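Asker: Residues per chain are reported as follows:
There are 2 protein chains.
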Amino acid sequence: MLTIGDMAKTTGVKVPTIRYYEQMGLLSHAERSEGNQRRYSRSERDRLSFIKHARELGLTIEAIRELIDLSQHPEKPCAEADRIAAEQLATVRQKIAKLKKLEAELERISTHCHSNHVRDCYVIRALANHDLCETDHD
Amino acid sequence: MLTIGDMAKTTGVKVPTIRYYEQMGLLSHAERSEGNQRRYSRSERDRLSFIKHARELGLTIEAIRELIDLSQHPEKPCAEADRIAAEQLATVRQKIAKLKKLEAELERISTHCHSNHVRDCYVIRALANHDLCETDHD
DNA sequence: CTAAAACCTCTAGCGGCTTTAGCTGCAAGA
DNA sequence: TCTTGCAGCTAAAGCCGCTAGAGGTTTTAG
Ligand SMILES: [Zn+2]
Ligand SMILES: [Zn+2]
Ligand SMILES: [Zn+2]
Ligand SMILES: [Zn+2]
Numbered sequence: 001m002l003t004i005g006d007m008a009k010t011t012g013v014k015v016p017t018i019r020y021y022e023q024m025g026l027l028s029h030a031e032r033s034e035g036n037q038r039r040y041s042r043s044e045r046d047r048l049s050f051i052k053h054a055r056e057l058g059l060t061i062e063a064i065r066e067l068i069d070l071s072q073h074p075e076k077p078c079a080e081a082d083r084i085a086a087e088q089l090a091t092v093r094q095k096i097a098k099l100k101k102l103e104a105e106l107e108r109i110s111t112h113c114h115s116n117h118v119r120d121c122y123v124i125r126a127l128a129n130h131d132l133c134e135t136d137h138d
Numbered sequence: 001m002l003t004i005g006d007m008a009k010t011t012g013v014k015v016p017t018i019r020y021y022e023q024m025g026l027l028s029h030a031e032r033s034e035g036n037q038r039r040y041s042r043s044e045r046d047r048l049s050f051i052k053h054a055r056e057l058g059l060t061i062e063a064i065r066e067l068i069d070l071s072q073h074p075e076k077p078c079a080e081a082d083r084i085a086a087e088q089l090a091t092v093r094q095k096i097a098k099l100k101k102l103e104a105e106l107e108r109i110s111t112h113c114h115s116n117h118v119r120d121c122y123v124i125r126a127l128a129n130h131d132l133c134e135t136d137h138d
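These protein sequence lines are chains A and B, in that order. With the numbering used here applied, the first sequence corresponds to residues 1 to 138, in that order. With the numbering used here applied, the second sequence corresponds to residues 1 to 138, in that order.
Just so you know, the hints here were simulated from the structure itself, not pulled from any lab data. What you are looking at is a predicted structure, and each value in this text was computed from that prediction instead of being measured. Careful: at least some of the hints might be erroneous.
For chains that are exact copies, the list does not tell them apart, and a pair is met inside one copy or across any two.
[To be verified] List time: in silico PhoX-like cross-link candidates among lysine-lysine, alpha-carbon distance up to 20 Å:
#  : residue 1 : residue 2
1  : Lys-76    : Lys-95
2  : Lys-95    : Lys-14
3  : Lys-9     : Lys-95
4  : Lys-101   : Lys-9
5  : Lys-98    : Lys-9
6  : Lys-52    : Lys-101
7  : Lys-100   : Lys-9
8  : Lys-76    : Lys-14
9  : Lys-52    : Lys-76
10 : Lys-52    : Lys-9
11 : Lys-76    : Lys-98
12 : Lys-52    : Lys-14
13 : Lys-52    : Lys-98
14 : Lys-76    : Lys-9
15 : Lys-76    : Lys-101
16 : Lys-100   : Lys-14
17 : Lys-101   : Lys-14
18 : Lys-76    : Lys-100
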């Protein structure tokens, strides 16, 4: 049996975060020692790794909850899981698109100031005036 | 003089957000009408536009506060402003790099499942096992 | 003059944690 | 055996950047 500290060490998820995941229903309420400390099995550690990996890929707690529920029912169709992954991919692509616009504007803004004083600073002027921008960036 | 609603309409910043910015010290405490409603000048509207634009470019409230403080002192050197813009550009580039890794993994994950049941779903397997990934994505 | 729209303050909520405070548990060294 | 000190516990608050709602007041249009 693993302590919560062991879980943290082997998965890289911080101790308070593990307790938070339990509270959020991603991890079931762990068994307790006589002294009321959490004790975990290997399968619970695996589940925590799953959660960590999913979080790293940007999935929400809610999406992860659905995936875990699904994975408890191997006979069900997996369309729902596939949809969640596809949606996350779309979300990531949208974010990239937005950030690339920002990158272009910020690059322009931060390379155009050849002044020394705030009075003529291109950064300040560019922030004050969106007309200098080349894109909409919403 | 403009009401808070006028400000919202002309800048696209929502009314509660304007009040929030005031609370955060980005907008100074507005003058009030006899009935205690906020009244703004054109320069305050310009400042709000500045704030909005900076937020759209991803700057934090804190960074915007610094920029506003700076812009009150046109004689000062603008190195600080330039640094803020450059840092934001770096931040955006980091985010893009991270998201591109995620995009690659998610693309792989969401195109590889040709199964019908959760039991063999590639999505579930890929999330459970980072070894199937091609990058670190931290 | 009235009714509706806009405004006010204050508080709570979102997501995904992190931090803090004030406890108790437990193992190892003297 | 005692003590020291890390590890664990709970509950609550804090973080960011808003957003939403309750419950009241002011302004404006007709
Ligand atoms: Zn400058
Ligand atoms: Zn712009
Ligand atoms: Zn599948
Ligand atoms: Zn991975």
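Asker: All the hints need checking, so say for each whether the structure fits it.
Answerer: Here is how each hint holds up against the structure:
For a Cα distance limit of 20 Å, the shortest separation of Lys-76 from Lys-95 qualifies neither inside one copy, at 32 Å, nor across copies, at 36 Å. In this homomeric assembly, Lys-95 and Lys-14 never come within 20 Å of each other (Cα to Cα): the closest approach is 27 Å inside a single copy and 23 Å across copies. For the identical chains of this complex, Lys-9 and Lys-95 are neighbours neither inside a copy (32 Å) nor across copies (27 Å), given an alpha-carbon limit of 20 Å. Proximity of Lys-101 and Lys-9 under a CA criterion of 20 Å is satisfied in neither setting, with 39 Å inside one chain copy and 25 Å between copies.
In this homomeric assembly, Lys-98 and Lys-9 never come within 20 Å of each other (Cα to Cα): the closest approach is 36 Å inside a single copy and 24 Å across copies. In this assembly of identical chains, Lys-52 and Lys-101 lie within 20 Å of each other by CA distance solely across copies; the values are 16 Å between and 30 Å within a copy. In this assembly of identical chains, the alpha carbons of Lys-100 and Lys-9 never lie at most 20 Å apart, being 36 Å within a copy and 28 Å across copies at closest. In this assembly of identical chains, the alpha carbons of Lys-76 and Lys-14 never lie at most 20 Å apart, being 33 Å within a copy and 44 Å across copies at closest.
In this assembly of identical chains, Lys-52 and Lys-76 lie within 20 Å of each other by CA distance neither inside one copy nor across copies; the values are 24 Å within and 47 Å between. Taking identical chains as interchangeable, the C-alpha atoms of Lys-52 and Lys-9 lie at most 20 Å apart only when both belong to the same chain, with a minimum of 13 Å there against 43 Å between chains. Within a single copy, Lys-76 and Lys-98 get their C-alpha atoms no closer than 36 Å, and across copies no closer than 33 Å, so neither meets the 20 Å cut-off. Taking the shortest Cα distances, Lys-52 and Lys-14 sit within 20 Å of each other inside one copy (10 Å), while across copies they are farther apart (36 Å).
In this assembly of identical chains, the alpha carbons of Lys-52 and Lys-98 lie at most 20 Å apart only when taken from different copies (16 Å versus 26 Å within one copy). Taking CA atoms no more than 20 Å apart as the test, Lys-76 paired with Lys-9 passes in neither setting, with 34 Å inside one copy and 49 Å between copies. Taking the shortest alpha-carbon separations for Lys-76 and Lys-101, neither the intra-copy value of 41 Å nor the inter-copy value of 30 Å comes in at or below 20 Å. For a Cα distance limit of 20 Å, the shortest separation of Lys-100 from Lys-14 qualifies neither inside one copy, at 32 Å, nor across copies, at 26 Å.
Neither within a single protomer nor between protomers do Lys-101 and Lys-14 lie at most 20 Å apart by alpha-carbon distance, with minima of 35 Å and 23 Å respectively. Taking the shortest Cα distances, Lys-76 and Lys-100 never come within 20 Å of each other, neither inside one copy (39 Å) nor across copies (32 Å).
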